[in-house]
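With chain A's structure known, arrange chain B on it following the hints.
2 protein chains.
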Amino acid sequence: MKRILLASSLLLLLAAIGLAQPQPAPAAQPPAVISSPEVHADNSVTFRFLDPNAHEVMLALEGAKPAPMQKDDQGIWSLTTAPLAPDFYGYSFVADGVGLIDPSNPLMKPNLLHTQSQVHVPGPASLPWEVGDVPHGLVHHHFYKSGVVGDERDFYVYTPPGYDPKAKRSYPVLYLLHGFSDDASGWTAVGRANVILDNLIAQGKAKAMIVVMPLGYGAPEIVVPGPRAFASELRKKNYDRFSQALFTEVMPQVEGAYRVSKDRNSRAIAGLSMGGAESLLTGLNNLDKFAWVGAFSSGGITEDFDAEFPGLDAKANEKLRVLWIACGTDDRLIEPNRKMRAWLDSKGVHNTPIETPGGHVWMVWRRNLAEFSGLLFR
Amino acid sequence: MKRILLASSLLLLLAAIGLAQPQPAPAAQPPAVISSPEVHADNSVTFRFLDPNAHEVMLALEGAKPAPMQKDDQGIWSLTTAPLAPDFYGYSFVADGVGLIDPSNPLMKPNLLHTQSQVHVPGPASLPWEVGDVPHGLVHHHFYKSGVVGDERDFYVYTPPGYDPKAKRSYPVLYLLHGFSDDASGWTAVGRANVILDNLIAQGKAKAMIVVMPLGYGAPEIVVPGPRAFASELRKKNYDRFSQALFTEVMPQVEGAYRVSKDRNSRAIAGLSMGGAESLLTGLNNLDKFAWVGAFSSGGITEDFDAEFPGLDAKANEKLRVLWIACGTDDRLIEPNRKMRAWLDSKGVHNTPIETPGGHVWMVWRRNLAEFSGLLFR
Numbered sequence: 552m553k554r555i556l557l558a559s560s561l562l563l564l565l566a567a568i569g570l571a572q573p574q575p576a577p578a579a580q581p582p583a584v585i586s587s588p589e590v591h592a593d594n595s596v597t598f599r600f601l602d603p604n605a606h607e608v609m610l611a612l613e614g615a616k617p618a619p620m621q622k623d624d625q626g627i628w629s630l631t632t633a634p635l636a637p638d639f640y641g642y643s644f645v646a647d648g649v650g651l652i653d654p655s656n657p658l659m660k661p662n663l664l665h666t667q668s669q670v671h672v673p674g675p676a677s678l679p680w681e682v683g684d685v686p687h688g689l690v691h692h693h694f695y696k697s698g699v700v701g702d703e704r705d706f707y708v709y710t711p712p713g714y715d716p717k718a719k720r721s722y723p724v725l726y727l728l729h730g731f732s733d734d735a736s737g738w739t740a741v742g743r744a745n746v747i748l749d750n751l752i753a754q755g756k757a758k759a760m761i762v763v764m765p766l767g768y769g770a771p772e773i774v775v776p777g778p779r780a781f782a783s784e785l786r787k788k789n790y791d792r793f794s795q796a797l798f799t800e801v802m803p804q805v806e807g808a809y810r811v812s813k814d815r816n817s818r819a820i821a822g823l824s825m826g827g828a829e830s831l832l833t834g835l836n837n838l839d840k841f842a843w844v845g846a847f848s849s850g851g852i853t854e855d856f857d858a859e860f861p862g863l864d865a866k867a868n869e870k871l872r873v874l875w876i877a878c879g880t881d882d883r884l885i886e887p888n889r890k891m892r893a894w895l896d897s898k899g900v901h902n903t904p905i906e907t908p909g910g911h912v913w914m915v916w917r918r919n920l921a922e923f924s925g926l927l928f929r
Numbered sequence: 552m553k554r555i556l557l558a559s560s561l562l563l564l565l566a567a568i569g570l571a572q573p574q575p576a577p578a579a580q581p582p583a584v585i586s587s588p589e590v591h592a593d594n595s596v597t598f599r600f601l602d603p604n605a606h607e608v609m610l611a612l613e614g615a616k617p618a619p620m621q622k623d624d625q626g627i628w629s630l631t632t633a634p635l636a637p638d639f640y641g642y643s644f645v646a647d648g649v650g651l652i653d654p655s656n657p658l659m660k661p662n663l664l665h666t667q668s669q670v671h672v673p674g675p676a677s678l679p680w681e682v683g684d685v686p687h688g689l690v691h692h693h694f695y696k697s698g699v700v701g702d703e704r705d706f707y708v709y710t711p712p713g714y715d716p717k718a719k720r721s722y723p724v725l726y727l728l729h730g731f732s733d734d735a736s737g738w739t740a741v742g743r744a745n746v747i748l749d750n751l752i753a754q755g756k757a758k759a760m761i762v763v764m765p766l767g768y769g770a771p772e773i774v775v776p777g778p779r780a781f782a783s784e785l786r787k788k789n790y791d792r793f794s795q796a797l798f799t800e801v802m803p804q805v806e807g808a809y810r811v812s813k814d815r816n817s818r819a820i821a822g823l824s825m826g827g828a829e830s831l832l833t834g835l836n837n838l839d840k841f842a843w844v845g846a847f848s849s850g851g852i853t854e855d856f857d858a859e860f861p862g863l864d865a866k867a868n869e870k871l872r873v874l875w876i877a878c879g880t881d882d883r884l885i886e887p888n889r890k891m892r893a894w895l896d897s898k899g900v901h902n903t904p905i906e907t908p909g910g911h912v913w914m915v916w917r918r919n920l921a922e923f924s925g926l927l928f929r
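From first to last, the protein sequence lines stand for chains A and B. Using the working numbering, you'd call the opening residue of the first sequence number 552 and step up by one each time. Using the working numbering, you'd call the opening residue of the second sequence number 552 and step up by one each time.
Where hints are given, some of them may not hold.
Given that identical chains are not distinguished, each listed pair holds provided it fits within a single copy or across any two copies.
[Stated by the list, open to error] 20 Å max Cα-Cα, derived DMTMM-like pairs, lysine to aspartate or glutamate:
1) Lys898 <-> Glu607
2) Lys870 <-> Asp839
3) Lys813 <-> Glu859
4) Lys813 <-> Asp839
Simulated from the structure, these hints should not be mistaken for lab results.
Here chain A stands alone, though its shape is the one from the complex:
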């Protein structure tokens, strides 16, 4: 490794700036401007990536099998898909084994382990994630130091159109949890929760509600690349501290800052994947606080359900307004979710089983949110 000298007066505050070049050259440009992704009139999409020396470039498109791209004589790799269903799709270019964003596309899919790009295949206004000609709510970004976890962290709060902090009215609240490797921005930046709620509220399909999107890690050290088989202590620590931070840090801040009802009948919790497991564990073990529970493709609950949900039985039906358990039929988590539902059935706990086409993908979760949120607080 070569050490370059960026500054002569090392460690002085302005050193690196002092020797900055006049107008540093921007990142070198491709020989031609690469247009990618290009969405065609028939909803097929052409992806392009300049990498003259790669031996293999694959397109990893959300919901599809990785597919090889073809190189032209200028070193531009490309692939045109069949027409795609209107939606947002995450994707990467995998060049000789390394997943990369599309450098021609500013639309990111933020993630703590694998930042990707997103492509929007536009569809009709009836799709809930399309920005509609309707009033828009706001997304508020909160920052605080967590005493429970010991880090600086954040959460997001959606307030619906017309929300007035000075009015007397109070709103029901949905706590909406992201999945493993997402950050707190996942449900807005990728899940489009604010757009979905704007549309459903305008159409009368969902009640006006506040949506709180906290950071889902009680043990942030779990967010490392590699196999997902966490030691059971780490998994438990992650859940326990998440739950404790939610109850003692996030909820008090939300209830202090916004006009949210504190009635359990006006409080829901739902999430995807790891956040689905957190929703089930937090919700079903705290029925004094939540009447509405949703799990989208949940993963991370052991099969020792009696230990995960001690004492849960048919008496819960008096308190649970909806227990919604959804999973895509092509998701390997479908079996654990079926087992969870079978156990609930054996205990006489009413639940709404939802199986839809699809894998472990945001296209499933956006639809889950649109459907689940429409049931809430009625």
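For chain B alone, kept in the frame of chain A given last:
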């Protein structure tokens, strides 16, 4: 180009999802986990990038000349810098001419033309961009349809710690504008404006204020790769519509939703690069609305200053509380900024000339914000 079939029932809503693979493979992993960037105890930084077949990989680090990385026998390119001054640095890997983010690093530097990565070289709490053990304000994300420009767009609003929408107190407001190719998130995601204000307010170095960060494009079609020499009509359209959207759309929303003073003595406008030019044009041509104007490395004003600022003369001194014109001495925009100041001097318009080390980089602009915001509303 090969067309792959992603879905058999094309254009049906769930088609792409229906054929999704069970647990689609994530983007293929590098052979080993690559750690990048690695900040060492002496503030040197090692960058690593796996690209076994590239012929050349350069590190494009903000404020430094692009530097070649060295490849090891596993195909990992790396470079260790000299110790760097504590700061946040944008960077890309330029592999055979293509600028790429660091796939091992989730910290993005969002940009509409060249998304990059960022590395944080931590420093003492006295640096205003370090998250301090102080109360934190909020960042509110607004969405609206612009009648002036005709697009769906957004803006961000920082409210300081302790801001209470129900209290009677009103706050002064700084309109803070990003540069060319940034989006409306630039001043928070890269400029750390919320962190800087949190710290300065806690230390009594800045007044508690609201900061509004609008999208700076009146003509979004200017945001395309290539030379920055816009036709004068397009430049004028971009400025005119930006200004019109600010006055007729953003300011009314802000003044309706937040407790901000409408007194010109409590209203400032500042920005960087393109946003610096917009601040000068908008501020100096509307002294009935702004008493505080700041330009950080401004670029985009023609040298026909009499035409850019019709009628501006020493009478402006009665209204201008601060006119702050800053530029890095290694920025090629230093000369246009000196010419602008010379013209102001020739007209007898008082201004505060600030020249600091550095190029056209965020390290300069964070310091500009910290210094300028401390002068405001006193």
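So, going through the hints one by one against the coordinates:
With identical chains, the CA atoms of Lys898 and Glu607 are never at most 20 Å apart, being 52 Å at best within one copy and 63 Å at best between copies. For the identical chains of this complex, Lys870 and Asp839 are intra-copy neighbours only, at 8 Å inside a copy versus 60 Å across copies, given an alpha-carbon limit of 20 Å. Taking the shortest Cα distances, Lys813 and Glu859 never come within 20 Å of each other, neither inside one copy (26 Å) nor across copies (56 Å). In this assembly of identical chains, Lys813 and Asp839 lie within 20 Å of each other by CA distance solely inside one copy; the values are 11 Å within and 46 Å between copies.
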